[in-house]
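Below, each chain spelled out in residue letters.
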Amino acid sequence: MHERRTILPLRTGLLFLGPAALFIGAFILLPFFWIAGVSFTNRSLTGATAANPQFVGLQNYLKLFDLSTFMNPGQFGSSLVITGQFVFWSAIVGQAVLGLLLAWFFYRRTGWVKESVQTLAIVAWIIPDVVVAFAWNAFLDYDGGTLNWLFGLVGLHKVDWLLAMPLLSIVLFNAWRGSAFSMLLFSSALGSIPPSYLETADVAGAGPWQRLKDIILPLIRTHIVTDLILITLWTFNTFGPFLLTGGGPAFRTEVVSVLTYRMAFKYFDFGTGSALGMVMMLINLGFALVYLGLLRRQGGSR
Amino acid sequence: MKKRIIALFTLLVLGAIMSPAFSQSLNIICRCVAGGANSNQVAWLKEYVIPEFEKAHAGVSVTLNEFGGTDDALKQQYALDLSVGKGNDVMGFDGFWIPEFASGNLLKPLNAVAGSAVDGWEGWNHIAAGIQSILSYGGEIYGIANGTDVRMIFYRKDILAQAGVANADAWQPTSWADIADAAAKVLAAFPDSAPLQINAGTSMGEATTLQGYYMLLLGTGEEPFMDGKWVVRSQGILDTLNFYREIYVDHAYGSQRVQLVNDGRNQSFANFRDGKTAMLVEGDYFYRSVTPAGSEFAVENRDEVMGWAKMPSETPGAGIRGQDFVSASGGTGWVLNPNTANPQLAWEFLAFMNSQTAREVWMTYQPGIPARDDVAVPNNAFLTDTAAALLPLTVSRPNNDFYAKVSEQIQLMTENVVSGQMTPQQAMDAYAAAVTGIVGADATVDLLAH
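Top to bottom, those sequences are chains A and B. Using our numbering, you'd call the opening residue of the first sequence number 1 and step up by one each time. Using our numbering, you'd call the opening residue of the second sequence number 1001 and step up by one each time.
Simulated from the structure, these hints should not be mistaken for laboratory data. Do not rely on the hints blindly, as some may be mistaken.
Simulated restraints, written as ranges between beta carbons of each label pair [unchecked claim]: (1) B:Ser1023 <-> A:Ala20: 42 to 48 Å; (2) B:Asp1374 <-> A:Trp149: 56 to 62 Å; (3) B:Ser1023 <-> A:Ile7: 56 to 62 Å; (4) B:Gln1162 <-> A:Leu156: 31 to 37 Å.
On a predicted model such as this, the values are computed, not experimentally measured, just so you know. Just so it is clear, CB atoms sit at the ideal spot from N, CA and C, and this is done for glycine as well.
The task is simple: from the sequences and hints, build the whole structure.
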């Protein structure tokens, strides 16, 4: 038997690992198994099933995937479609593309324009959720909102943003909110490209589009994949839209996290809420596996 | 220096440990905010009840926690507090929450919390059985009601008169068609108005179920729960939903927007105050708490411009029990937290709040239909007239622990219709599926099945 050499003896290693393992166990693993268990019961917060929850097998899951109501407003299928649209438009198109454009635009530039735009993007990212929601509600309000006031100044009709275009509103909100992360990540990725590559391209007469397509994008591919997977996961799980629309009107902005909240904490139906949480976790796991697969393939191809 | 810090620390710890031995404290909570919702209650508690109680109980301090959120948010707070054995000692409670909290063991009957002192209370002899039952479940009493209420149409005499509605000073519709007719006239006279408000949608919560849906459904001769079964499909449900559709989708007699936005109920009050809405179905709460002079939605010159009418059945005689007019009642009150550290003291506070003297003082803050028979009905024409006209007609919600869940589905069904995303038939089918899932097929009945 060949024994592998390690920095620490096994026992000391375990000792160091102990505190972290304890925390992960108490705050992640235990709740996880608890929720997995609850998802097979009809446990609720009030009513007879609060005092005496019963095991109901897969019933909560079957209800979620009941095809006769699956796509009805306020049901899981419809919520999943809304979440998909929300993630695609606000995270992938909005945050990633906007972040990349900002990073690229300011690449190798200096001056107050860059400083102020980047600062504003970062401020949008770090303000607490509730404050941001307050500001956006004031911005989009039908009667006294800033946006409709601006529309009035240029002679356009008032738009009832949160009611007439709720999905667009939360997409814009989330894109605005999170672009800073992508911008920062892409800025640092661009910073790692050796300037000589681009200078050579300049000499060879490449235009900006060719430089982006043939030099920059291939070199920061790993960063792009990392960025996409992270913001996809975050956006998929975010509760932010709730602060703007509460999931309404008539469930048109009810993303899966808001649906879970409604089931568990408005209807007090912990069984269904937990089942939803489990399904969300599996979907997240799927994203993570795709991500790891992509990273591994890239690593292998180098 | 170090010694001093240690001494100070020890003193603090000692103080924290010892203080309960010297004094007792009570925490009470209600959906009430000074200058906001139910501000009369805050004034009564802070100016009278708490000072008097503290005077009579040396060393006791009572803290009022004013909750400014919605009813649903407060209910959520209660459920979460009680499920982990915490919460305020005395809690303002809506009667229809009792069944699900009681069956979930989150609340206990008053005499199980505070013992025999409860059974011997003098007040029980002065509160009618019907009013005691507002905060009861399974034959046990869980709290004491403030009183009961009735629901009706409030209307603006000035607007109806300007729109040419006949007899605008003493308007009394006798069918839904009469209401629609008046709404059409107001809309023709004021194209920007939203003449009629009958609550719908999920964001108004129970105010949709009781002020909106119930007031219509009762006029078709039905209730959601009849002969021990939940009605999941019926002509009455369809008629009700069709009328909603007529109001909010087909003719814009009412503002669809107000039903769908987050703070729609307050907007509906504002519309009535501003004369944008001429007819609004609400409880007497609207008169007592929402529109008096000095409040946020005070109607200017109220005695002149605001009237009330009985809610008509769909057609004369079509209502519940064959009635021409209908009304629905609920009631709020106070319960004891079973986890309270001072059950006796909490009960004494509750009993004092509901004593004859405290309730007489309450009537000076906010006249209403009193729970105690030894408290005089205030000399107030509105209250005596509505109580006399509507109490004989009124209907209460079922005392069933599935009610709150079914009520949420009712709100959802109305939202599906008034948002225009489902036809009444589709919305009723979705309701039937959801309610069957909640209460089980055995507890439902389909009145359209043959």
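Hints, one by one, checked against the model:
no., hint, in the structure
1, B:Ser1023 <-> A:Ala20: 42 to 48 Å, "44 Å, holds"
2, B:Asp1374 <-> A:Trp149: 56 to 62 Å, "58 Å, holds"
3, B:Ser1023 <-> A:Ile7: 56 to 62 Å, "59 Å, holds"
4, B:Gln1162 <-> A:Leu156: 31 to 37 Å, "33 Å, holds"
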